[in-house]
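Each protein sequence line maps, in turn, to chains A and B.
Those letters in the first sequence? Residues 1 to 115, per the numbering used here, in order.
Those letters in the second sequence? Residues 1 to 110, per the numbering used here, in order.
Among the hints, erroneous ones may be present.
Derived contacts from chain B toward chain A, CB cut-off under 10 Å, selection only [stated by the list, open to error]:
#, residue
1, V4
2, P8
3, R31
4, G32
5, Y36
6, K42
7, G43
8, P44
9, E45
10, F72
11, S96
12, K97
13, I99
14, F100
15, G101
Output of the computed footprint for chain B on chain A, the stretches with three or more beta carbons under 8 Å from beta carbons of chain B [as the list claims (entries may be wrong)]:
#, segment
16, 54-68
17, 73-86
Source of the hints: derived by calculation from the structure; they are not laboratory data.
Remember, predicted model here, so these are calculated numbers, not experimental data.
The C-beta atom is built at its ideal place from N, Cα and C for all residues, glycine as well.
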Amino acid sequence: EAQVTQNPRYLITVTGKKLTVTCSQNMNHEYMSWYRQDPGLGLRQIYYSMNVEVTDKGDVPEGYKVSRKEKRNFPLILESPSPNQTSLYFCASIGLAESSYNEQFFGPGTRLTVL
Amino acid sequence: EDQVTQSPEALRLQEGESSSLNCSYTVSGLRGLFWYRQDPGKGPEFLFTLYSAGEEKEKERLKATLTKKESFLHITAPKPEDSATYLCAVRGSSASKIIFGSGTRLSIRP
């Protein structure tokens, strides 16, 4: 079954305590992305990656880091979380092959609360 | 700067009452306009990709159309299970970023 998985699904942490949210896809997609979703602001792209070792900033990259060492994994790292990073986070992947071009699959979401 | 605006913010319909959702966009070199459905607490679910003006795609009671400035998601004879937030997004040629609109919350009353 084609899917994007994220862990953890729920996380409550404190300001300044480093955390990593993992993301993995099993569709061999080249493009992966992280979004945050906030009430009234919609989905905003944090970082994206066109392929292994290629990452780029989205619209709201401040306070976040990513890495793409393997094609299937794209972890999101918060080195020093702050309360304004409390949000619902989604990982997504897109196929660039002709058969599934531009079809974006989303993970189930990670609800993060920073106290 | 690429931009996506969706209207209305919320729409309440009676079961069977057809309507349309609007997505206006500004993008340099459209590489794809996307429609998604999102249920509360879940990740968006892909519906359609449109690439050029005049293109149309259909899935069950949904039909998406595209012009050079906007896209419409037409819902024909909706059922209560069509209740969800519908999201529109674009990808332009100037970057590989994907820009989302803020969505339309659709509620269908039995």
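Practice prompt. Determine which of the earlier numbered hints do not hold for this structure and return their numbers in increasing order.
Written response: Hints 2, 10, 17 contradicted; others consistent.
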